[in-house]
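> With the sequences and hints as input, model every part of the structure.
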Amino acid sequence: VTRTASRPLAAGDISTFQSFVFLGGQLSLALCVLLCLNYYSIVLGAASLSLVITYPLMKRITYWPQLVLGLTFNWGALLGWSAIKGSCEWSVCLPLYLAGVMWTLVYDTIYAHQDKRDDIIIGVKSTALQFKEDTKQWLSGFSLAMLLSLCTAGMNCNQTFPYYSAVAAIGAHLAHQIYTLDIDKPEDCWKKFASNRTVGVLLFTGIVLGNL
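The numbering of the sequence shown is our numbering, which starts it at 1 and goes up by one.
Certain hints may be false.
As the list claims (entries may be wrong) - So the derived label-pair ranges between C-beta atoms look like this:
hint, residue 1, residue 2, range
1, I120, N158, 47 to 55 Å
2, S91, S165, 20 to 28 Å
3, Q130, I53, 20 to 28 Å
4, Q130, S165, 29 to 37 Å
5, I53, D118, 21 to 29 Å
6, F161, I120, 46 to 54 Å
7, S195, G141, 15 to 23 Å
8, W190, L34, 27 to 35 Å
9, K132, S165, 30 to 38 Å
10, T54, S165, 36 to 44 Å
11, V33, P56, 19 to 27 Å
What the hints assert, rightly or not - No farther apart than 16 Å at their CA atoms in a straight line, the calculated lysine to aspartate or glutamate pairs in the EDC-like style are these:
hint, residue 1, residue 2
12, K132, D184
13, K116, D188
14, K116, D134
15, K132, D182
16, K136, D188
17, K132, D118
18, K116, D184
19, K185, D115
20, K132, D119
21, K132, D115
22, K125, D115
23, K185, D118
24, K59, D119
25, K59, D115
26, K59, D118
27, K116, E133
28, K185, E133
29, K136, D184
30, K116, D182
Bear in mind the hints are in silico, worked out from the structure with no lab data behind them.
Note that CB positions come from ideal geometry on N, CA and C, so glycine has one too.
As structure tokens, this is what we get:
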């Protein structure tokens, strides 16, 4: 892929062995952190390993690797709750997790549109190639599901006005992001992908202010 050709491993700046050494160090640190948590969280964290291992293979198997990424990346919504509370309150954690998965499908589909031409050549699959010109409709559906899930999580843990104001602001941001997105311009896809930092800031702020 042209866009990522300058990355250290792809460019040959580091060897495969060196990358595995680095990976081993990262995994060892992660294990140390996990073992510091309560038993429920240790089991929950270990349960995510199958997703972590299989995700890198998904781009060769399915046009939905972004879904697997969402399931993997947002496991922290479950683990964070259990680490603090001792277990998961599923009426809150599941809709929060689902919201994260839907959000990942939005931003990583946009991200995938940057590389779709190269992906076709090398045989890599993605939701960008699956949705094609219908991408905006799919992104709109995922965004709606995300907002509904955030509202459900909020209602189930008695969130207040600042939280729902943040959810409304997120909805407006996503609507503008999708409406103005040009899926055939890699630079615009990157800009829209990067703008999802705003979604994270809004959600974090809403959760904090909603609990003051």
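> If a hint holds in the structure, say so; if it does not, say that too.
For each hint, the structure was consulted:
1. I120 - N158: 47 to 55 Å: holds (48 Å)
2. S91 - S165: 20 to 28 Å: holds (22 Å)
3. Q130 - I53: 20 to 28 Å: Cβ of Q130 to Cβ of I53: about 23 Å, so the range 20 to 28 Å holds.
4. Q130 - S165: 29 to 37 Å: holds (34 Å)
5. I53 - D118: 21 to 29 Å: holds (25 Å)
6. F161 - I120: 46 to 54 Å: holds (47 Å)
7. S195 - G141: 15 to 23 Å: Since S195 and G141 have Cβ atoms about 19 Å apart, the given range 15 to 23 Å holds.
8. W190 - L34: 27 to 35 Å: holds (33 Å)
9. K132 - S165: 30 to 38 Å: holds (35 Å)
10. T54 - S165: 36 to 44 Å: With a Cβ separation near 38 Å, T54 and S165 satisfy 36 to 44 Å, so the hint holds.
11. V33 - P56: 19 to 27 Å: 22 Å Cβ-Cβ, so the 19 to 27 Å window holds.
12. K132 - D184: Measuring from Cα to Cα gives roughly 10 Å; hence the hint holds.
13. K116 - D188: holds (14 Å)
14. K116 - D134: holds (15 Å)
15. K132 - D182: holds (12 Å)
16. K136 - D188: OK: K136 and D188 at ~14 Å, within 16 Å.
17. K132 - D118: Roughly 15 Å between the alpha carbons, so the hint for K132 and D118 holds.
18. K116 - D184: The hint holds at about 9 Å.
19. K185 - D115: holds (10 Å)
20. K132 - D119: holds (13 Å)
21. K132 - D115: holds (13 Å)
22. K125 - D115: Judged against 16 Å, a Cα distance of about 10 Å means the pair holds.
23. K185 - D118: Judged against 16 Å, a Cα distance of about 14 Å means the pair holds.
24. K59 - D119: holds (10 Å)
25. K59 - D115: holds (13 Å)
26. K59 - D118: holds (13 Å)
27. K116 - E133: Distance of about 12 Å is within 16 Å: holds.
28. K185 - E133: holds (13 Å)
29. K136 - D184: Within the cut-off at roughly 12 Å; holds.
30. K116 - D182: holds (13 Å)
Of the numbered hints given earlier, the model fails none.
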